[in-house]
Structures are given as structure tokens and as C-alpha cells.
Amino acid sequence: MLREEEQLAKAVVKLNAKLLGIVFGMLLGIGMFLATNFLVLKGGENVGQHLVLLSQFFPGYSVTFLGSLVGFAYAFAVGLVIGSVLGAVYNKVARA
Amino acid sequence: MKVRLGRAALKELMTEEESQDQLPSALLLAFAPMHRTAMGAAFGVVLGGLLFLMTMALVVKGGYPVGPTLSLLGHFFFGYTVTFFGAFVGLLWGLGVGFLLGWGFAVVRNLIVWSWLVLIRSRAEMDEYGDFLDHM
Chain H
1 MLREEEQLAK
11 AVVKLNAKLL
21 GIVFGMLLGI
31 GMFLATNFLV
41 LKGGENVGQH
51 LVLLSQFFPG
61 YSVTFLGSLV
71 GFAYAFAVGL
81 VIGSVLGAVY
91 NKVARA
Chain U
1 MKVRLGRAAL
11 KELMTEEESQ
21 DQLPSALLLA
31 FAPMHRTAMG
41 AAFGVVLGGL
51 LFLMTMALVV
61 KGGYPVGPTL
71 SLLGHFFFGY
81 TVTFFGAFVG
91 LLWGLGVGFL
101 LGWGFAVVRN
111 LIVWSWLVLI
121 RSRAEMDEYG
131 DFLDHM
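If you read the protein sequences in the order shown, they are chains H and U.
For the first sequence, position 12 matches number 12 in the working numbering, and the numbering has no gaps at all.
For the second sequence, position 6 matches number 6 in the working numbering, and the numbering has no gaps at all.
Since the hints were made in silico from the structure, they are not lab data.
Among the hints, a few may not be true.
Straight-line Cα separation of at most 20 Å, SDA-like style, residue types lysine to any residue; simulated pairs [stated by the list, open to error]:
1) Lys92/H <-> Trp114/U
2) Lys92/H <-> Ala32/U
3) Lys14/H <-> Ala26/U
4) Lys18/H <-> Pro59/H
5) Lys10/H <-> Val107/U
6) Lys14/H <-> Lys61/U
7) Lys61/U <-> Leu15/H
8) Lys42/H <-> Leu54/H
Partial selection, computed: residues in chain U whose CB lies under 7 Å from chain H [claimed, not checked]:
9) Ala26
10) Ala30
11) Leu119
12) Ile120
In this text, a Cβ means the ideal position worked out from N, Cα and C, and glycines have one as well.
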């Protein structure tokens, strides 16, 4: 018979890779959308001169409202992959 | 928010295979610790892979200068450059740094859950024995 503490210590959290992917995707996507639109609304001479460097990896992305939608799609896709890989690798190693 | 589960509710949470001595799977799911090594490995793979892919994308794309902004990581990751060889150096650095981040995240998460568990238990004990003197 295992005591409660021992049972808890032996148990390991399992992650839902798909759900983690969607959560990461939404977080990154919304973050990118908000960051881009913040700079667009702020305005200025050279709008988002650093954030626009992401277009090197995300073709079509720009610091404009339309670009924020494109950026959301890209960031969501990247977050989806990151979360899914994170969950899959974690579960694989934790099970071993 | 205070959550109280009576014995009847706890028994409902238990599946048939679980004996009376075992904790309900729902409780294990809520309070089970996170696997530190697994979380470190997962973060390492993601960070290393990301850095590798980003570097390779810029190298393949070409141009002059290649990745002047990403190469600034070389200040922290010694030996890292935006080149084919540098992508592998970045992969190793990403694996190492990612592992530390993931491992640290799991340690902090487990510490918080453990503290929460201790708090819940001490509150439950206080509720149980709080009126002890009233019965003397």
C-alpha cells in the first residue's frame, strides 16, 4: 500500500500535446497581433523598424494592420508547432 | 475559492480499478509533479531546433550581410555565427540553455504546487481540529 505522498511523488504530469500547441499558437498569435497594432497605432517616423525584421522569416509580414493579420497566422502556426513538439517530447521522455 | 470534497464525491471520482488506498486519478492529475528532465529535454529540443532553423533559413536565403541581427546572439552564445557551422553551434547552445530553462520551470512549478498542497492540508487540519478545545 502506498501512502498519499508516495503516490503523488511517483505520479508524473502528462501533457496534452495538441492542446498545448493550440495554447502556444494563440498566445504567440495574439501577442504578435497586439505588438504589431500597438506600433501601428503609436505611429512615428519609422514604424516598427525592429519588429519588421521578422519578415525575414515570415514573408508578407509588415508592421501594418494587414501585416498584423499575416503575423497572427504565422505566429499561430509557429506556436502550434512549438507547443506540439514540446508536449510530444515531454511525454516521450517522461514515459521512458 | 474553497473546494471541499466529501468522501462520497471522492469515491465517485475513483474508477473501479482504483482501490480504497489509492488516491483518485483526478487528484493525481491535479497535484502530480512535473518531470524535470522531460521538461528540460522538451525545452531544449524546441529552443535548439528553433535557433538551428532560423540560422539555416538566413544562410540559405543569403545576401550581404547575412543575419546581422541574429548574429548578435554570438555575444551570449560563444562561437555562434550565422553560418552553416554556426547553425550547429546554435543548436547545441539552444539545447543547453533550453534544458536549463525547462528544468528550472519544472522545479518552480513543482515547488508552487507543493506549497499549495501544504497550504490546503494545513487548512484542512485546522478545520478538523479547530474546535478541539470546545469539546474539553
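Practice task
Mind checking the alpha carbons of Lys10/H and Val107/U for me, to see if they're no more than 20 Å apart?
Solution key: OK: Lys10/H and Val107/U at ~16 Å, within 20 Å.
Practice task
Would you check whether Leu119/U satisfies its interface hint, that is, whether its CB is within less than 7 Å of any CB in chain H?
Solution key: Status violated, d = 15 Å.
Problem - Satisfaction of hint between Lys61/U and Lys14/H, Cα-Cα up to 20 Å - result: violated (39 Å)
Problem - chain H contact restraint on Ile120/U - CB to CB distance below 7 Å - result: Violated: closest Cβ of chain H sits about 12 Å from Ile120/U, beyond 7 Å.
Exercise for the section: Take the C-alpha atoms of Lys42/H and Leu54/H, compute the straight-line distance between them, and say whether it is at most 20 Å. Expected result: At roughly 19 Å apart (the allowed maximum being 20 Å), Leu54/H and Lys42/H satisfy the hint.
Problem - Interface hint status, Ala26/U versus chain H (Cβ within 7 Å) - result: violated (12 Å)
Exercise for the section: Against chain H, run the beta carbon of Ala30/U and see if the smallest gap drops under 7 Å. Expected result: Not OK, violated: Ala30/U not within 7 Å of chain H, min 9 Å.
Problem - Straight-line alpha-carbon gap Lys92/H to Ala32/U, limit 20 Å - result: Status holds; Cα separation ~17 Å.
Handout entry: Agreement of Lys14/H and Ala26/U with the hint, judged by alpha carbon distance not exceeding 20 Å
Key = Holds, because 12 Å separates the two Cα atoms, which is no more than 20 Å.
Problem - Pairwise hint evaluation, Trp114/U against Lys92/H, where the allowed Cα distance is 20 Å at most - result: Violated, at about 24 Å.
Practice task
With a cut-off of 20 Å on the C-alpha distance, tell me whether Lys18/H and Pro59/H pass.
Solution key: violated (26 Å)
Exercise for the section: Sort out whether Leu15/H lies within 20 Å of Lys61/U, counting only the CA atoms. Expected result: The given pair, whose Cα atoms are some 36 Å apart, is violated under the 20 Å limit.
In this structure, the hints that do not hold are numbers 1, 4, 6, 7, 9, 10, 11, 12, in rising order.
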